[in-house]
Amino acid sequence: DVKVTQSSRYLVKRTGEKVFLECVQDMDHENMFWYRQDPGLGLRLIYFSYDVKMKEKGDIPEGYSVSREKKERFSLILESASTNQTSMYLCASRSLGGGEKLFFGSGTQLSVL
Amino acid sequence: GESVGLHLPTLSVQEGDNSIINCAYSNSASDYFIWYKQESGKGPQFIIDIRSNMDKRQGQRVTVLLNKTVKHLSLQIAATQPGDSAVYFCAEKPGSWGKLQFGAGTQVVVTP
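Protein chains in written order, with the numbering used here: chain Z, 1 to 113; chain L, 1 to 112.
Don't read these hints as lab results, they were simulated from the structure.
Incorrect hints may have been included.
[Said to hold, decoys possible] SDA-like cross-link-like pairs, simulated, lysine to any residue; straight-line CA separation at most 20 Å:
1) K99/L - E100/Z
2) K101/Z - K56/L
3) K70/Z - S7/Z
4) K99/L - G97/Z
5) K101/Z - D31/L
6) K101/Z - P9/L
7) K101/Z - I47/L
8) K42/L - Q109/Z
9) K3/Z - G41/L
10) K3/Z - K68/L
11) K101/Z - L11/L
12) K68/L - G98/L
[To be verified] Which bits of chain Z does chain L cover? Going by a derived footprint, with three or more residues having C-beta under 8 Å, they are:
13) 16 to 23
14) 62 to 71
No residue lacks a Cβ here, since even glycine has one placed at the ideal position from N, Cα and C.
Could you build the full structure based on these sequences and the hints that come with them?
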């Protein structure tokens with residue numbers, strides 16, 4: 001069974017902290033994605049990665065960075081967390097031949113106080 | 001910019017009835033559409049997709065209809081069950097190199 005695992009279900013951080021959100025997939029997928037989900041706005045793409053050490057900005061990359069040192073792991077970094085980054089963060093992966101069928105993790109609800 | 005939108009934010013359906021979830025898109029360059037289902041506490045799950053060279057595609061208890069003339073997409077769920085209660089997202093992909101653009105979602109509530 002395919003699995004995308006996000007390290008934390010809930011996270012509470014303070015303004016200005018550096019935050020790491022971790023995501024691991026066990027499907028040997030080449031592509032990985034980070035989205036944020038806000039009520040009424042659907043899912044918005046922050047960053048994605050075609051392969052190891054490759055990354056591209058999505059629609060809302062400001063305030064975020066990513067790291068993909070290994071194929072199975074894709075990390076989202078908030079260099080200096082702000083209250084407007086309070087959101088649900090979803091990681092997803094996709095195989096090269098899998099079209100647009102994304103496999104999502106269960107999400108990390110981040111609260112920045 | 002152009003965006004994907006939904007007509008109804010919440011849809012209440014009686015168990016056993018058919019559900020129809022609507023989605024309007026505005027990007028005429030979109031040639032691929034996909035529906036995801038998100039149950040409470042879980043990430044979105046793929047339901048069904050359709051390419052713009054098709055008008056209809058059927059899956060297990062679900063049918064997606066595409067009307068390119070009016071830029072409208074719908075997801076029909078037959079004999080809705082309690083397990084169908086979820087938020088449903090449509091998404092469009094504008095061309096081969098475009099990224100998926102998600103709509104805001106529709107909450108489907110199945111009542112006994």
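Structure-based check of each hint:
With a C-alpha separation of about 9 Å, the suggested pairing of K99/L with E100/Z holds against the 20 Å cut-off. Distance restraint check for K101/Z and K56/L: the Cα-Cα separation of roughly 18 Å lies within the 20 Å cut-off, and the hinted pair is therefore satisfied. Between K70/Z and S7/Z the CA atoms are separated by roughly 16 Å; this keeps the pair inside 20 Å, and the hint holds. In summary, the hint linking K99/L to G97/Z is supported, as the alpha carbons are separated by about 16 Å, within the 20 Å threshold.
At roughly 15 Å between alpha-carbon atoms, K101/Z and D31/L fall within 20 Å of each other, so this suggested pair holds. A distance of roughly 24 Å separates the Cα atoms of K101/Z and P9/L; the hinted pair therefore is violated under the 20 Å criterion. Annotation: proposed proximity of K101/Z to I47/L holds, straight-line Cα distance about 9 Å (limit 20 Å). With a CA separation close to 11 Å, the supplied pair K42/L and Q109/Z stays within the 20 Å bound.
Under the criterion of a C-alpha separation no larger than 20 Å, the hint pairing K3/Z with G41/L is consistent with the structure, at around 15 Å. Between the alpha carbons of K3/Z and K68/L the distance comes to roughly 35 Å, so the proposed pair goes past 20 Å and is violated. Between K101/Z and L11/L the CA atoms are separated by roughly 25 Å; this puts the pair beyond 20 Å, and the hint is violated. Our distance criterion of 20 Å between C-alpha atoms is met by K68/L and G98/L, whose separation comes to about 18 Å.
Chain L is given as covering the stretch 16 to 23 of chain Z, and this is violated because 0 residues of the stretch bring a CB closer than 8 Å to a CB of that chain, at least three being needed. Under the rule that three or more residues need a Cβ within less than 8 Å of chain L, the assignment of the stretch 62 to 71 of chain Z is violated, with 0 such residues.
The structure does not agree with the numbered hints 6, 10, 11, 13 and 14 stated previously, though it agrees with the rest.
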